[in-house]
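Chains as they are written, first to last, in my numbering: chain A, 1 to 360; chain B, 361 to 659.
If you are wondering where the hints come from, they were derived from the structure by calculation, not from laboratory data.
Do not rely on the hints blindly, as some may be mistaken.
Computed list of lysine-lysine pairs in BS3-like fashion (alpha-carbon distance at most 27 angstroms, straight line) [as the list claims (entries may be wrong)]: (1) A:Lys62 <-> B:Lys658; (2) B:Lys490 <-> A:Lys75; (3) B:Lys570 <-> A:Lys279; (4) A:Lys72 <-> B:Lys577; (5) B:Lys563 <-> B:Lys658; (6) A:Lys279 <-> B:Lys563; (7) A:Lys72 <-> B:Lys490; (8) A:Lys72 <-> A:Lys62; (9) A:Lys123 <-> B:Lys570.
Interface residues of chain A toward chain B, partial, derived using beta-carbon atoms under 7 angstroms [said to hold, decoys possible]: (10) Gly324; (11) Phe328; (12) Asn348.
Distance ranges between label pairs, derived from CB positions [stated by the list, open to error]: (13) A:Thr326 <-> B:Trp569: 43 to 49 angstroms; (14) A:Ala59 <-> B:Asp551: 46 to 52 angstroms; (15) A:Ser325 <-> B:Phe425: 34 to 40 angstroms; (16) B:Ser495 <-> A:Asn129: 25 to 31 angstroms.
None of these values were measured; they are calculated from a predicted model.
Note that beta-carbon positions come from the ideal geometry of N, C-alpha and C, so glycine has one too.
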Amino acid sequence: MSKNTETTEAVEEAVVTETDTAAESEAAGQKVSEMNTDDGSDQGKASGTASGSAESAMAIAKKQGSIGYQMKRNKESYFMMAPYFILFFFFTVLPVLMSIILSFTDFNMLEFPTFVGWRNYVKLFLEDNIFTIALKNTLIFAVITGPVSYMLCLLFAWIINEFHGFLRALLTLIFYAPSICGNAYLVWTLILTGDRYGYLNGILLKLDIINEPILWMQTEKYVLPVLIVVQLWLSLGTGFLSFIAGLQTIDRSMYEAAALDGVKNRWQELWYVTLPAMKPQLMFGAVMQITQSFAVADISINLAGNPSVNYAGATIVTHLLDYGSTRFEMGYASAIATILFLLMVGTNKLVQKILGRVGE
Amino acid sequence: MAKKKKEKVQKPKKHLFNKKKQLNRSFAGNTLLFVIMIICGAFMVLPLVMIVNNALKPLDELYQFPPRIFVRNPTLENFSDLFVLMNDSWVPFSRYILNTIIITGGGMVGHVVVASMAAYPLAKNNFPFKKQLFSMVVLSMMFSWTVTQIPQYLIISWLHINNTYLALILPAWSFGMGLYLMKQFMEQLPDSMMEAARLDGAKEWQIFWKIVMPNVKPAWLTLAIFQFQQMWGNTGSLFLRDEQLKPLQYSLQQITAGGVARAGAAAAVTFIIAAVPIIFFLICQSNVLETMTSSGMKE
Numbered sequence: 001m002s003k004n005t006e007t008t009e010a011v012e013e014a015v016v017t018e019t020d021t022a023a024e025s026e027a028a029g030q031k032v033s034e035m036n037t038d039d040g041s042d043q044g045k046a047s048g049t050a051s052g053s054a055e056s057a058m059a060i061a062k063k064q065g066s067i068g069y070q071m072k073r074n075k076e077s078y079f080m081m082a083p084y085f086i087l088f089f090f091f092t093v094l095p096v097l098m099s100i101i102l103s104f105t106d107f108n109m110l111e112f113p114t115f116v117g118w119r120n121y122v123k124l125f126l127e128d129n130i131f132t133i134a135l136k137n138t139l140i141f142a143v144i145t146g147p148v149s150y151m152l153c154l155l156f157a158w159i160i161n162e163f164h165g166f167l168r169a170l171l172t173l174i175f176y177a178p179s180i181c182g183n184a185y186l187v188w189t190l191i192l193t194g195d196r197y198g199y200l201n202g203i204l205l206k207l208d209i210i211n212e213p214i215l216w217m218q219t220e221k222y223v224l225p226v227l228i229v230v231q232l233w234l235s236l237g238t239g240f241l242s243f244i245a246g247l248q249t250i251d252r253s254m255y256e257a258a259a260l261d262g263v264k265n266r267w268q269e270l271w272y273v274t275l276p277a278m279k280p281q282l283m284f285g286a287v288m289q290i291t292q293s294f295a296v297a298d299i300s301i302n303l304a305g306n307p308s309v310n311y312a313g314a315t316i317v318t319h320l321l322d323y324g325s326t327r328f329e330m331g332y333a334s335a336i337a338t339i340l341f342l343l344m345v346g347t348n349k350l351v352q353k354i355l356g357r358v359g360e
Numbered sequence: 361m362a363k364k365k366k367e368k369v370q371k372p373k374k375h376l377f378n379k380k381k382q383l384n385r386s387f388a389g390n391t392l393l394f395v396i397m398i399i400c401g402a403f404m405v406l407p408l409v410m411i412v413n414n415a416l417k418p419l420d421e422l423y424q425f426p427p428r429i430f431v432r433n434p435t436l437e438n439f440s441d442l443f444v445l446m447n448d449s450w451v452p453f454s455r456y457i458l459n460t461i462i463i464t465g466g467g468m469v470g471h472v473v474v475a476s477m478a479a480y481p482l483a484k485n486n487f488p489f490k491k492q493l494f495s496m497v498v499l500s501m502m503f504s505w506t507v508t509q510i511p512q513y514l515i516i517s518w519l520h521i522n523n524t525y526l527a528l529i530l531p532a533w534s535f536g537m538g539l540y541l542m543k544q545f546m547e548q549l550p551d552s553m554m555e556a557a558r559l560d561g562a563k564e565w566q567i568f569w570k571i572v573m574p575n576v577k578p579a580w581l582t583l584a585i586f587q588f589q590q591m592w593g594n595t596g597s598l599f600l601r602d603e604q605l606k607p608l609q610y611s612l613q614q615i616t617a618g619g620v621a622r623a624g625a626a627a628a629v630t631f632i633i634a635a636v637p638i639i640f641f642l643i644c645q646s647n648v649l650e651t652m653t654s655s656g657m658k659e
């Protein structure tokens, strides 16, 4: 490794490198014209070949500018990317396309799919009452947990950034841990148990706030709020780490300059210096949090059951799983998946646009 | 870039609050933030504390009224119960562990290699369709895998890798965020490093293995840990039918489903499930944060 860098530095100074193709084709052109002028003995011939060489240089430049040549020249790059993108095609691109195509068919895994046009979508929006509930719940989830978890990620990352050394590492771990510990959120089932043995009921009974235990996960009006709280607990994930890391990279001299310019307290500092400086991380975090907030399903299935009481905890994903892996109505399930796909990507694109304008 | 950051982190360590940043800091503000942090931190950490305590509780304390969060007479009974249950299992328990190692390990190593190989040209070379390929990967981060679950199942059946380890490993290799993070991290490497090697006649793959890869170590660890988190919770129930092939997570879930009689062992299981990824993260924390500094998205 060190050997490599040494040679790197040595050669670097000596040679001017050509990186883009424009520079290279220019160089090639020069070479051609040089050769030609060397050959030429009299004036007329020289000028003739000069114009000829200009043409051939143009031809070379054109050839090198063409996509085919560029692809050939970067053959190695394509070979290196091939394994990833072949897998990516099979397990991401193709599935999305198939899902869109299958959503216009009736498919039960046994017979060949039959084309049914928009029927699945019509059924989804006009006849399927549970889908309407699921869509409503998903949107509530997304509208609440998306922005709230995003703000929390930012707030906690910002506060953690004020700490140092061991304390910072510890706090990062504490806040990040829930999102990585697999299905350990099942511990919430103990907290939310509907009888007196549930931790929450136990505490509330002891404090005389309630007289009898509440069936948290069996009472319609509690299901969604409780799931939202649990989801928030789980949601300080990759976006949160990105924010912490982003805050660390902000140049301290910017704060000093801002203080001289009249920034008086930490809140102003946050708004005028910190947020604009970490815009790229804010974008990345937004993608993470939005995608997560639309995909809520596991906690609903494990805490509230599937189907939950009066479908109070149904989300688009639980509905999708219901049709896809229980009823095997794949065409219909694909229509649900397609709608979810459009919702997620659409929201992400929209939010990216909005965030792109922040600080401009 | 990386060097700069290290210097910063190492500077003031003795102060609770960073001395250098005291510019616009008031005592009231510090106290307020400290209080917020304690309250929220308690909320975040309480369920985790419960997991630890439950794993150490004897059975009578698990079903006590009123329920107590902290254990009174800690015992390792639950773990020994778990071992008894493990020995009773139909497939030898070591088999589940081996399966998990193959699936998670294969997924992690393959992903790091395949994603880095794709990330290097995307970060450092110019070629047609580069933008389109990368924006496809970014797009894939904007929806969750549940969307593609059904067709993915069909494709895996067509490829005849159903009911093999590959059914779980191969899709994991093309995980979009790994490529994204790796590419962003590689972009910071100075171009001069590669140019010089190129002039020495090194081929692209040599540059990749000998120059680029040793310099992006924090990124591999990050990709590995994110991949681990993805794969650790996977029970493989959709693709693996043979009991012989199922991962540890599956058998642990079987134990949790055992009801009251197995409540103790289940508490031990929950502890193990939660503890492994947390410990893994703890070890790699600084590397992960270093990688995440370059995670930002430009339009």
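Hint by hint, work out which the structure violates, then give me just those numbers in ascending order.
-> 1, 3, 4, 5, 6, 9, 11, 14 and 16
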